[in-house]
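Going line by line, the protein sequences match chains A and B.
Counting with the working numbering, you get residues 526 to 664 for the letters of the first sequence.
Counting with the working numbering, you get residues 14 to 148 for the letters of the second sequence.
Keep in mind that the hints were calculated from the coordinates and are not lab data.
Hints may be right or wrong, so weigh each one.
[What the hints assert, rightly or not] Stretches of chain A that chain B covers, calculated by requiring three or more beta carbons in the stretch to come under 8 angstroms of a beta carbon on chain B: (1) 546 to 553; (2) 558 to 566; (3) 630 to 640.
[Unchecked claim] On the chain A side, residues computed to face chain B include the following (Cβ under 10 angstroms): (4) Val536; (5) Pro618; (6) Ile644.
[What the hints assert, rightly or not] Here are the computed distance ranges between Cβ atoms for each label pair: (7) A/Pro618 <-> B/Cys98: 17 to 25 angstroms; (8) A/Thr596 <-> B/Arg57: 23 to 31 angstroms; (9) A/Ala584 <-> B/Arg57: 32 to 40 angstroms; (10) A/Leu663 <-> B/Gly99: 25 to 33 angstroms.
Cβ coordinates follow ideal geometry from the N, Cα and C atoms, glycine included.
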Amino acid sequence: MATYNKFQDFVEQVLSGIHTLTAAGNVVKAYLSNAAPSASADAVKADLAEITAQNGYPAGGDDAQNTLSETTGTATVATTDIVWTSSGAGFGPFQYVAHYNDTAASDNLICWHDYGSAITPANGETFTVNYGASLFTLA
Amino acid sequence: MPRRGYEGAVIDRTPGPPTHVLCSPRRPVRSFPAGFIDRRLYERNLEQNQLIAACCRHPENHDIEAWKSHPDELTPDIYIFHCTCGRKHTVFCVGARKKVHVKQLDGGLVRYEYSESDSRTGETRRDDRPEWGVR
């Protein structure tokens, strides 16, 4: 599983009551970027540029359908796989998958993953973000 | 334009250099033992995806290759399905992962299975989503 990278401001936002990541609460979305994220400087979605919405990639990315559970003191935010299907001339290039709280007024950032190289899915190709047991845990 | 960080430093937004590492070279999906490749790598994005070509919805006819996004990754986290029509379908595995893993050899390939111990009960739970690569 690709390494989880935390936007540092997220931990303060959690304790400030910005995030309610239950299924009935806030909507977590994943979006694509070709700009290198900064863990220390990026706090809201406007800080990290999104790729152009086109050819199968919608503006703002897609809903990760987050749920929240807790077991023996560890909270787990789980999500559902996201599939982007390219059409026409495709979308991208992009190298990073970032997650943010779409319900929060400022679209606060949560985390990102580095794909490791720039990719541009061509017409009829797909790019899938496959989540494991969870997006992240908090203990 | 690069923006300025909290300390006034200019942030370089240039994407990092490619870091992919090939773990398992391209080979037919059919060459793997039945059930070896996790269904979640192709079920929803290929078999059930009505937006792609009919041939792309049959991963059993595809080739597959596995990569690590970065050399430090323990296991492959990128799987690319190559359809007979030439299109590629990429799966990028993200999210939290258990720290302990065991390996099980199968036909010369390594099947990674993760487990974690519950520190309170001592019970060991197995992740039901194995990954594969080469030894």
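Going through the hints against the structure:
Counting residues of the segment 546 to 553 of chain A whose beta carbon lies closer than 8 angstroms to any beta carbon of chain B gives 0, which falls short of the minimum of three for the stated coverage. A stretch counts as covered by a chain when three or more of its residues have a beta carbon under 8 angstroms from one of that chain; for the segment 558 to 566 of chain A and chain B the count is 6, and the coverage holds. Against chain B, the segment 630 to 640 of chain A contributes 3 residues with a C-beta closer than 8 angstroms to a partner C-beta. That satisfies the three-residue criterion, and the hint holds. Nearest Cβ of chain B to the Cβ of A/Val536: about 15 angstroms, over the 10 angstroms cut. The hint is violated.
A least Cβ separation of about 8 angstroms between A/Pro618 and chain B falls short of the 10 angstroms threshold, and the interface hint therefore holds. Taken as an interface hint, A/Ile644 checks out: its beta carbon lies about 7 angstroms from the nearest beta carbon of chain B, inside 10 angstroms. Distance hint check for A/Pro618 and B/Cys98: the Cβ-Cβ separation is about 22 angstroms, which falls inside the suggested range of 17 to 25 angstroms. For A/Thr596 paired with B/Arg57, a C-beta distance near 26 angstroms keeps the hint of 23 to 31 angstroms intact.
Between A/Ala584 and B/Arg57 the C-beta distance comes to about 23 angstroms, which lies outside the given range of 32 to 40 angstroms. For A/Leu663 and B/Gly99, the Cβ-Cβ distance of about 43 angstroms falls outside the hinted range of 25 to 33 angstroms, so the restraint is violated.
The earlier numbered hints that this structure contradicts are 1, 4, 9 and 10.
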